[in-house]
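Visitor: So the protein sequences, as listed, match chains V and U. Using UniProt numbering, read the first sequence as starting at 1 and increasing by one per residue. Using UniProt numbering, read the second sequence as starting at 1 and increasing by one per residue.
I should point out that these hints are in silico values taken from the structure, not numbers from a laboratory. Here the structure is a predicted model, which means the values were calculated and not measured. Each hint should be verified, as a subset may be incorrect.
[Said to hold, decoys possible] Chain V stretches covered by chain U per the calculated footprint, using a threshold of three residues with CB under 8 Å from any CB of chain U:
(1) 46-57
(2) 125-134
[What the hints assert, rightly or not] If you only want the chain V side, here are some residues facing chain U, beta carbon under 10 Å, derived:
(3) Met1
(4) His3
(5) Arg42
(6) Asp72
(7) Asp74
(8) Glu77
(9) Leu78
(10) Val80
(11) Leu81
(12) Glu82
(13) His85
(14) Leu119
(15) Glu121
(16) Leu139
(17) Ala141
All residues carry an ideal CB built from backbone N, CA and C; glycine is no exception.
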Amino acid sequence: MIHFVLLISRQGKVRLTKWYSPYSQKERTKVIRELSGMILTRAPKLCNFVEWRGYKVVYKRYASLYFCMCIDQDDNELEVLEIIHHFVEILDRYFGSVCELDLIFNFHKLPRAQAYYILDEILIAGELQESSKKTVARLIATQDSLVEAAKEQASSISNMIAQATK
Amino acid sequence: MIRAIRACKTAAEERAVVRKECASIRASISENDQDYMHRNLAKLMFIHMLEMARDLAPEVERLLQFRDPNIRKKAALCTIRIIKKVPDLAENFINAAAALLKEKHHGVLITGAQLCTDMCKVSTEAHEHFRKKCLDGVVKLLRDLANSPYAPEYDISGITDPLLHIRLLRLLYVLGQGDADASDTMNDVATKTETNKNAGNAILYECVATIMNIEDNGGLRVLAVNILGRFLSSRDNNIRYVALNMLMKAISLDSQAVQRHRATILECVKDPDASIRKRALELVYLLVNESNAKPLTKELVDYLEVSDPEFKGDLTAKICSIVEK
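Kindly produce the complete structure, drawing on both the sequences and the hints.
Guide: Here it is, written out as structure tokens:
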């Protein structure tokens, strides 16, 4: 299974983290520090796997972002590369053309939350759950419309309150 | 909810909050509340981490037969968490899990295959059951998938849903011991899969792993070792890495075949990439026997003089233990 997912920028800033196994806050910062030290210093063209504390970390660089996933010793590394690519493609479709800024601050939507929702539709509990990009896109779209509907409802309620108190 | 739990000061208070959450989840499951279903399942998973699995297992079992496939796949993953926590609950889920393998929806199939694989690990009874009842189905699924025409929705670089391919192969890894049909299909997959893209190689790699595990005679084994040989001479570092990795497993089955690649493996010890170096060194260590100890050690000692400072420690340690052997 996948133990955690990290997105690190080339400067070592963490853009997204998702933990599927229990780690305390202290361990998390330590893990991030160790891994970013290891991964960011690796030259390009080397293989995309790093062995670390009895696990393997599979990473891949897209533009200025490193996508890292930590897996068990006997999992299929090439498959994880494929999962990362799958995730990136879905992000890409959702944001138009994905760049780091989209993940830091997505203008008209909740900052960063969107990337987490998308990840949640692909991986749950450290296991892959969906291989179809269309299905994921559809599910996210439904969620978005739910959020919109809830917002409208909230604003109409506040309008009503405002009118009643006028 | 998580915030509420974190805010609790005593264990008793925490338990009360969790119990209340459980009750509300239970209520919404029985009300068939579509929109919040996803969120509730996420909450369920969190509760399993808090070891309340036993209480909600029947609800999850019901959800495995739910109408919406997206719920079914989430419920399947939820079940994985449950049986990991409480292995003796696995028996209750056998039938529901087997039913998941008959689905059409790829998401459900992926999670279903994963669930069955994990169940086999914790329960021998489940293993027996799946072996008897589902093996044919899985083999057929794999064959259909391998021969399926172009499907844009699941296509990754010309292959239909490699991720599902891999899940099914992994299930065969535990189930397919000595099954002729399974071997046939794997032969198909191994020979037909495209090898110039990562997705194809991922499938081949999984296929080799499965062959190594379930096949105990000739033909396919040779095919598998040949694939590894091809991987090893690949220019792509990732592929070389996984080949070295797999050869370590192959060595206990067929050391002769691995010995043939000795020269290439020795080259890999001198690779600029630390990950590959480490794998190759461990493999060389396993390769050493009475007849080849001398030349191999000489080769390693020669390399010691020019290697990276960081790598020297590892290398020396391994040479020492070879000498001791």
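Visitor: Among the hints numbered above, which are violated by the structure, and what are their numbers in rising order?
Guide: 4, 6, 14, 17
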